[in-house]
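*Asks:* Full structure from sequences and hints, please.
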Amino acid sequence: MQKVLIIPLIIITVLFSSFYAQPIEAAKVLPQVKSSKKTVTTKRSSGSLVTVTPKLRRDRKALLIYFGGLQNANSVSYLIIYTTNGQEEGAGGSVDPSQGNTSSREILFGTCSKNVCRYHTNITNMRLEATADLKSGKKLIKRYKIRI
Numbered sequence: 488m489q490k491v492l493i494i495p496l497i498i499i500t501v502l503f504s505s506f507y508a509q510p511i512e513a514a515k516v517l518p519q520v521k522s523s524k525k526t527v528t529t530k531r532s533s534g535s536l537v538t539v540t541p542k543l544r545r546d547r548k549a550l551l552i553y554f555g556g557l558q559n560a561n562s563v564s565y566l567i568i569y570t571t572n573g574q575e576e577g578a579g580g581s582v583d584p585s586q587g588n589t590s591s592r593e594i595l596f597g598t599c600s601k602n603v604c605r606y607h608t609n610i611t612n613m614r615l616e617a618t619a620d621l622k623s624g625k626k627l628i629k630r631y632k633i634r635i
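This note's numbering runs 487 ahead of the 1-based position in the sequence shown.
Simulated from the structure, these hints should not be mistaken for laboratory data.
Label-pair distances were calculated between CB atoms; the ranges are: (1) K548 - K632: 11 to 21 Å; (2) V603 - L536: 32 to 42 Å; (3) K601 - R547: 21 to 31 Å; (4) K601 - Q558: 30 to 40 Å; (5) Y606 - S564: 16 to 26 Å.
Heads up, the beta-carbon is just placed ideally off N, CA and C, and yes, glycines get one too.
*Replies:* Here it is as structure tokens:
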């Protein structure tokens with residue numbers, strides 16, 4: 488008679504534990520999903536915004552610059568200046584807005600010749616300045632200090 492009671496008890500225990508296992512598992516997942524979803528809104532007053540987003544390359548030997556909203560600009564230029572081993576170095580260029588609404592540039596910290604690159608070391612005081620002449624007639628200047 489004891490064997491008959493043990494089998495239903497095991498079945499009830501398994502069913503009961505599987506019933507409560509799913510909500511506990513779901514509770515672990517919900518905070519991760521909730522925290523990873525972020526909404527960022529930018530208020531544009533006149534719709535003539537040009538965005539500039541600098542980002543260091545993963546190996547920290549170059550700067551990636553992403554440009555957006557180029558349809559609102561007649562011209563966009565940029566200048567990077569930094570100090571390496573007591574000497575000031577820099578690079579500059581421009582982006583052609585007629586080539587599309589977005590663009591990007593990769594600026595190496597060093598020089599390359601015949602597929603051999605010599606990267607600068609001890610880089611300090613890096614600054615990026617981006618200038619956009621907007622179609623609205625305004626001039627937009629964005630300045631960034633970049634830490635390496």
